[in-house]
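Engineer: Sequence order for the protein chains is A and B.
First residue of the first sequence? That's 204 in the numbering used here, and the numbers climb one at a time after it.
First residue of the second sequence? That's 204 in the numbering used here, and the numbers climb one at a time after it.
Since the hints were made in silico from the structure, they are not lab data.
Hints are not guaranteed to be accurate.
Since the list can't tell identical chains apart, any single copy or any two copies may satisfy a pair.
Think about it this way: if two alpha-carbon atoms lie no more than 30 Å apart in a straight line, the pair counts; the simulated DSBU-like pairs of lysine-lysine are [to be verified]:
hint	residue 1	residue 2
1	K414	K232
2	K221	K420
3	K221	K431
4	K293	K232
5	K373	K232
6	K221	K232
All values derive from a computational prediction rather than experimental measurement.
2 protein chains.
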Amino acid sequence: MAKTAGIIIIGNEVLSGKTQDTNSHYLSKELRTLGVDLRRVVVIPDEIELIGREVAAFSRDFDFVFTTGGVGPTHDDVTMAGVACGFGVKVVRHPDLERRLRERHGANINEARLRMAEVPEGAELIGDWSIYGPVPKMRNVYIFAGIPKVLQDRFSAIRELFREAPYYLKVIYSREGEGVVASILNDLLVRFPDLMLGSYPVIDNPDYRVKLTLESKDPGYLELAFEKLLSAMPAGSILRTEG
Amino acid sequence: MAKTAGIIIIGNEVLSGKTQDTNSHYLSKELRTLGVDLRRVVVIPDEIELIGREVAAFSRDFDFVFTTGGVGPTHDDVTMAGVACGFGVKVVRHPDLERRLRERHGANINEARLRMAEVPEGAELIGDWSIYGPVPKMRNVYIFAGIPKVLQDRFSAIRELFREAPYYLKVIYSREGEGVVASILNDLLVRFPDLMLGSYPVIDNPDYRVKLTLESKDPGYLELAFEKLLSAMPAGSILRTEG
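One chain only, chain A, in its complex shape (with noise of 0.2 Å):
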């Protein structure tokens, strides 16, 4: 079985359609690459209680669970909080953190200044210090800030610690639509029930109408599956192939 893993993302900026979440598709992306299973996304505002039962509740059902937004020095960013309170724990300064801001911010170190070395009671600091810091870690929950560049990088510099056996991929451009090759489906899933196969229709494209995905953790299985989908598909239906 492959690891799985969860996405939260808090903000209330996302839910009122001030801006558009990048950060689910980039780590879905990356995630995917790595191997890890992706299960759940969810979007959420910036309130303590319910990012603690969130948090909680994603923590328990998967592997790898990934915060993105809520953390920062304003009124707004409760996610430390939110996190604590879904582990029953304290929020505290984290010594080393502390440290760092004192240095950086010298004389002009304030209270709103040191709420950025703020973590849940208990949680461990992930990857270096270069750039933009290292990602705290509480249990199994890795906080990431909102902004894009910043959580790009500092997840490309753990990336690593998620690896797993890769998914094999293969594409089918279909020039007939899902009403005739829908049953093509059904019977291939028959012969081949874990392969992951999806299909999906496009409008107004004059160049095909339906993409097909199979995929697999077992390059050999999906050569079957391919070879034999190939084989059941109407003459002259198949467009183009990728994989």
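Please build the complex by placing chain B on the supplied structure of chain A, with the hints as guidance.
Structural biologist: Same frame as chain A, but now just chain B:
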């Protein structure tokens, strides 16, 4: 209290990083414009029982629920079965949808195509038959296809059903960072506890460091809070305002 909404994005293609979901951002902007409070977005796999659990919870927790994806004739289109499962009813063919499909396909009608007539028992059809046809609605759950153009055309046709009192928004772009403005924002919220106040830092931007958003359904209250914040910000820190 504003009416609330939740969005359920159904699709393995989003979780596996093949497709970036844009439907939730489109709907989040539309709902904000309509004055509806979007409380939660979730992305889940094409699995009947999981869809059922999610739909039942959302239907109980929110006034309006929107699902996208998993509507079609192939094996991975299980949204109708999932919604039916969530409400403990069967999937049935809707007679109006079946008649239209038989008219459209004539002698080429088949079992796969007739799956497009399936709805949870008790579902109504909302909207008219222009272009992509009406939206199946089960209790407070509106069931949309995942193709963005189809979703947008169908939502546009019925959007006035959801109109509430509007949100009013004002924006301040600050040259000072969050470390400076945090305590000013805290003071503002003591005086205006019902204000929706957001603080969004940017990096690598020579123009401004933080975007502050102030919102309320009461324009007079918003104006008072806005004036208060303008007068509390440090001299020269405001680059520009909007709203």
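Engineer: All the hints need checking, so say for each whether the structure fits it.
Structural biologist: So, going through the hints one by one against the coordinates:
no.: 1; hint: K414 x K232; in the structure: both (18 Å within a copy, 29 Å between copies)
no.: 2; hint: K221 x K420; in the structure: between (38 Å within a copy, 16 Å between copies)
no.: 3; hint: K221 x K431; in the structure: between (47 Å within a copy, 23 Å between copies)
no.: 4; hint: K293 x K232; in the structure: neither (34 Å within a copy, 36 Å between copies)
no.: 5; hint: K373 x K232; in the structure: within (16 Å within a copy, 35 Å between copies)
no.: 6; hint: K221 x K232; in the structure: both (24 Å within a copy, 7 Å between copies)
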